[in-house]
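Asks: Construct the complete structure from the given sequences, taking the supplied hints into account.
One letter stands for each residue in the lines below.
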Amino acid sequence: MARKTPMTQEAYLKKFSWAARWRLPPQESEEAIADYRELLFQPGRDKNKLVAELGEPVQAAHLLTDVKTYRRWLAVFAILTYGLFLLGKWAWMGMTPLHINGLGPWWYPVWTMVAGLALSLYWFRRHGWKSGPLPKRLLLALAAVFLFGIVTLAWTYYLFDPEMMARLAEAAAGNPTPWQIIAQRELLIEGGIACALAALVGLALAKCYDRRWLALYILCVTVAAMLGFVEFHMISMDISSRGCPEIQRYLFARLLPMGAVGLMGTGVSLC
Amino acid sequence: MLKKDLLELCLLQLLAGEDQYGYELLRRLHSGFPDTQESAIYALLRGLCKAGCTQDYQGETSSGPARKYYRLTQAGSDRRAALLSQWRALKQTLEELGVE
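Read top to bottom, the protein sequences are chains H and B.
If you use our numbering, the first sequence corresponds to residues 1 to 271, in order.
If you use our numbering, the second sequence corresponds to residues 1001 to 1100, in order.
Hint data in this document are derived by calculation from the structure and do not stem from the laboratory.
Glycine included, every Cβ here is placed at the ideal spot set by N, Cα and C.
Be aware that one or more of the hints could be misleading.
[What the hints assert, rightly or not] Under the rule of at most 25 Å between Cα atoms (straight-line distance), these lysine-lysine pairs were calculated in the BS3-like manner:
| hint | chain 1 | residue 1 | chain 2 | residue 2 |
| --- | --- | --- | --- | --- |
| 1 | H | K68 | B | K1003 |
| 2 | H | K130 | B | K1050 |
| 3 | H | K89 | H | K15 |
| 4 | H | K49 | B | K1050 |
| 5 | B | K1091 | B | K1068 |
| 6 | H | K68 | B | K1050 |
| 7 | B | K1004 | B | K1091 |
| 8 | H | K130 | H | K15 |
| 9 | B | K1091 | B | K1003 |
| 10 | B | K1091 | H | K49 |
| 11 | B | K1003 | H | K49 |
| 12 | H | K15 | B | K1068 |
| 13 | H | K136 | H | K14 |
| 14 | H | K47 | B | K1068 |
| 15 | H | K130 | H | K68 |
| 16 | H | K68 | B | K1004 |
| 17 | B | K1003 | B | K1050 |
| 18 | H | K15 | H | K136 |
| 19 | B | K1003 | H | K14 |
[What the hints assert, rightly or not] Quick look at which bits of chain H chain B covers, simulated, 3 or more residues with Cβ under 8 Å:
| hint | segment |
| --- | --- |
| 20 | 37–49 |
| 21 | 57–69 |
Replies: Quick look at the structure:
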């Protein structure tokens, strides 16, 4: 039987840091981490008895948790995560059982985005914590999501051009779906799901590492909501008919303000 | 009186004598209560700090980095007195019941 190797001080501190940052308000967690660093690296400390003497790292963080504050954070996290789940589900299925009289389902992703932006910015501006210079990995992630959003929207613009739509409608008559439509569908589905997942990562990092990671959450939610908006419209369209020549203008008159709001939210979260 | 109160009383009692280094406090209490992990004692110490019963400060050392020390406040002294009277009453009750 393999013997379980004892946890090193570094591993203990790393686990404790994550658990403390997740559960405690930023200043308290930093204080507790500094104290545990001092306790763990004492000259007299037996490295083989860390868990026996100090307890499991997560349990140690749990003991310091103020239940009321933690539950409030969990409620915020649950709401934001549910919004991401909906965006992912809408990207995957392109439909919703929810119908509100007089309002098209394409507005649901927009509401989700607005609610997510407002709640997350309010929470993290109030309870968040900045540490050090802007992380390079955050900048890279933001650049990748931004680029993906631009490429997908440019492709959407190209596809919804009235002449292009007319050509696609002709090509689709009695034939399999044109590849341009398939490519668009894949971009919307896979892109929407990937953005929802990346937003979740951004949210976790904003709580545990640096609140500026919220920028990733906001940008991803914005892109996912824009893709959902387009996808719901595409689902309700009949590609074999010539469709409405105004659709390109209609879509982008709504997508551009959405994108502008999302970019503003991203900028605010980076400050 | 719960074990938590007893541990709090011990922490406050140790601090009543002189300011103490956090690690020392934890070690001393852990050796007295081996079934209580240091993380639980540390949580109590933080709780006392938050309640204003103790204060922490960075103390100087002859070698190595500055260390965090704890001192008792007036609120801590009052809390200690209250816990001490609870403990004496409990002890007397136990003696009257023949528990030794």
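Asks: Each of the hints needs a verdict: does it hold here or not?
Replies: Results for each hint:
no., hint, in the structure
1, K68(H) - K1003(B), "holds (24 Å)"
2, K130(H) - K1050(B), "holds (23 Å)"
3, K89(H) - K15(H), "violated (32 Å)"
4, K49(H) - K1050(B), "violated (29 Å)"
5, K1091(B) - K1068(B), "violated (34 Å)"
6, K68(H) - K1050(B), "holds (15 Å)"
7, K1004(B) - K1091(B), "holds (16 Å)"
8, K130(H) - K15(H), "holds (20 Å)"
9, K1091(B) - K1003(B), "holds (14 Å)"
10, K1091(B) - K49(H), "violated (34 Å)"
11, K1003(B) - K49(H), "holds (24 Å)"
12, K15(H) - K1068(B), "holds (22 Å)"
13, K136(H) - K14(H), "holds (21 Å)"
14, K47(H) - K1068(B), "holds (22 Å)"
15, K130(H) - K68(H), "holds (23 Å)"
16, K68(H) - K1004(B), "holds (20 Å)"
17, K1003(B) - K1050(B), "holds (20 Å)"
18, K15(H) - K136(H), "holds (23 Å)"
19, K1003(B) - K14(H), "violated (30 Å)"
20, 37–49, "holds (count 4)"
21, 57–69, "holds (count 4)"
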